[in-house]
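Listed here are the chains, written in short residue letters.
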Amino acid sequence: MIPLSHYLLVSAVLFGLGTVGVLISRNLITILMSVELMLNAANLALISFARWHADPGAHVFVFIIFVVAAAEAAVGLSLVIAIFRRKNTVDVDELNILKG
Amino acid sequence: MNLTMFSPQLLLALGGTLLLLYEAFGRENKRTLQPVCTILVLLAAGVLLWLSDGQVGLLFSGMVIFDRFFIFFATLVLLGSVLAVAVAAGSLAEQRAYHGEFYALVLFSVLGMLLLISAANLVIVFLGMEIMSIPLYIMAALRRSSSRSVEAGAKYFLMGAFASGFLLYGIALVYGATGSLRLEEIAAAWADGAGLSFVGISGMLLILIGLAFKIAAVPFHMWEPDAYEGAPTAVTAFFAAGPKVAAFAVLLRLIIWTFSISDPIIWRFVWMLAVLSMTVGNFLAITQSSVKRMLAYSGIAHAGYALIGLVIGGQAAVGLIGFYLLGYFIAAVGAFAVISALEGKQEESLSFDNCAGQGKTNPALALALALFMVSLAGIPPVAGFVAKFYIFEQAIQHGFIWLVIIAAVNSIVSVYYYLRAPVYCFMKIPESETPPAPVSLGLIFTLVFAAVALVVIGVCPELFIKLADSSAMWFL
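Respectively, the protein sequence lines represent chains R and L. Numbered as in the numbering used here, the first sequence ends at 107 without a single skipped number. Numbered as in the numbering used here, the second sequence ends at 778 without a single skipped number.
Chain R with its partners taken away, still in its complex shape (with noise of 0.2 angstroms):
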């Protein structure tokens, strides 16, 4: 069986990833699935100490994040289609209006 600790590195690797993905990507899709890595790091990390801790609980929790999930990626790219209508450009160095 593969131990618990394998499951955590892989989870926070995954995680790491999302962050800098968000951090250095500058194209707003990029930074989307960026995010979407970072949700689904914890996914893994909730689902493999629920076996763990052999709590049904977190399962359900996982599943009610995936709906988060999903309606959070449904405004984030109504958004980016709105940006790219107003700009014709999806890069977050052209959101520069608003600054100081």
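Treat the hints as calculated values from the structure; they're not laboratory data. Note that the Cβ used here is the ideal one computed from N, Cα and C, for glycine as well. Warning: the hint list may mix true and false statements.
Unchecked claim - Simulated crosslink set (SDA-like; lysine to any residue; CA at most 20 angstroms straight-line):
#  : chain 1 : residue 1 : chain 2 : residue 2
1  : R       : Lys94     : L       : Trp492
2  : R       : Lys106    : L       : Ser653
3  : R       : Lys94     : L       : Glu650
4  : R       : Lys94     : L       : Glu649
5  : R       : Lys106    : L       : Met524
6  : L       : Lys730    : L       : Pro521
7  : R       : Lys106    : L       : Thr589
8  : R       : Lys106    : L       : Phe585
9  : R       : Lys94     : L       : Lys730
10 : R       : Lys106    : L       : Lys730
11 : R       : Lys106    : L       : Phe654
Said to hold, decoys possible - Ranges between beta-carbon positions, derived for each pair:
#  : chain 1 : residue 1 : chain 2 : residue 2 : range
12 : L       : Gly356    : R       : Thr96     : 27 to 37 angstroms
13 : R       : Thr37     : L       : Val717    : 54 to 64 angstroms
14 : L       : Val757    : R       : Ala80     : 21 to 31 angstroms
15 : R       : Ala77     : L       : Ser772    : 34 to 44 angstroms
Once you've looked at the hints, dock chain L against the given chain R.
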């Protein structure tokens, strides 16, 4: 299980759904009826809340809690939303940002805030946070035709989603360390030291970072000035009223009740957040030329002052922060209401130069703005002063002399930029004639209510302090 204790949330969900259908299928008088219905639903939720006063209990197998703490903070949120919606009724149409969905979004967002305040389980903390935030992203981008508004929405969304990633990963780690998602059991595991492993502590810090984004504490504040400035001003008023109060409430519930503040790592982290927020918020506010953006940075500074209450810790923190937020959000909503009127049809946000001469053309609005700024700056005899004084006094009594010195210096610095707007209004001669601002019934209601409330709280604060303190009596 007694469903009446959950009826405010149910009413908000139902009201939001019906308003959405009304927007889709309704024909006549939509623009007048929608805000009226929204305000009625919010008020009815408040009445339902107070009808169950005196009861405490856990609902839905320990998911949601009903207690005095919930009643107090939910009342603040509902009150702030009513004031913001009253402003929006007139000003959204004026600024060509009218979309009927706004009112349904307000109700859904308030539902999320109420869930957040009443959460007794980390699942509900996450769910409430998202139900609150997702409508806020849409609201920030409400003026779809404007690049500024859409940009504000996108920036708010990116930072918000990033923050919920941290929150969620933190929840997963805390669950791993303690084996439970219920706040009660986590508190027990924390108290007997079972949760204090590396995994538990890092989970808790990640949760704190996620929440620090939501209250816009430095260094997690980058989104706030942009979201506040770009969103239509009535929406900004809502941002200042609801989400901040709800995020502070859940912060209190988690830090004071679940993870005890006496833990040195959390304590140092919160101390650092408080000092950074006060200082950075204030000094960046000085340099702003837009009144709206200045108020956004001042909101960051105020989050810093409120965090002093959290540094003090213990049950006293609940009353301190509750009372502080009461004083802050009324003044902030009022100030944004005045700004929305002074902006009129203008696309750009109100700058200090736009204020020049307003004392002559719109004397009532300029006077109201002066009162709100005085309250935010913490000058007697209005609410802002009492709230600040109360929090500083408690901090000194608990021996946080350095923290109070830093806060007091910041407070003095802040007087400069707060009084700049009234000074421009009354003393600066405008380059061109300023037109009279459009004034709607809702705006008058909000301004009169906010002004009277600030003076009343400032003159006889005992009653309100007692009310805020009583919210610390939660069910455990």
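Hinted pair Lys106/R and Phe585/L, Cα distance within 20 angstroms
15 angstroms, holds
- Task: Take a look at whether the Cβ-Cβ distance between Thr37/R and Val717/L falls inside 54 to 64 angstroms.
- Result: About 45 angstroms separates the Cβ atoms of Thr37/R and Val717/L, which means 54 to 64 angstroms is violated.
Mind checking the alpha carbons of Lys94/R and Trp492/L for me, to see if they're no more than 20 angstroms apart? The given pair, whose Cα atoms are some 50 angstroms apart, is violated under the 20 angstroms limit.
Discussion item. Tell me if the straight-line CA distance from Lys106/R to Ser653/L falls inside 20 angstroms.
Written reply: Cα-Cα ~14 angstroms, so holds.
Against the 20 angstroms threshold, does the CA-CA distance of Lys730/L and Pro521/L hold or violate the hint?
36 angstroms, violated
Are Lys106/R and Thr589/L close enough, with their CA atoms no more than 20 angstroms apart? 12 angstroms, holds
When you take the CB atoms of Ala77/R and Ser772/L, is the distance between them in 34 to 44 angstroms?
-> 41 angstroms, holds
Check: Between Gly356/L and Thr96/R, is the Cβ distance one that fits in 27 to 37 angstroms?
Finding: 57 angstroms, violated
Check: Keeping to a limit of 20 angstroms between CA atoms, is the pair of Lys106/R and Lys730/L held or broken?
Finding: Violated - the C-alpha atoms of Lys730/L and Lys106/R are around 26 angstroms apart, more than 20 angstroms.
Practice problem: For the pair supplied as a hint, Lys94/R and Glu650/L, confirm whether the alpha-carbon distance does not exceed 20 angstroms. | Solution: Holds, because 18 angstroms separates the two Cα atoms, which is no more than 20 angstroms.
Evaluate the given range 21 to 31 angstroms for the C-beta pair formed by Val757/L and Ala80/R.
-> 47 angstroms, violated
So if I understand the rule, the pair passes when the alpha-carbon distance is 20 angstroms or less; does Lys94/R with Lys730/L pass? Violated: Lys94/R and Lys730/L sit about 38 angstroms apart, past 20 angstroms.
Hint check: violations occur at hints 1, 6, 9, 10, 12, 13, 14; the rest are consistent with the structure.
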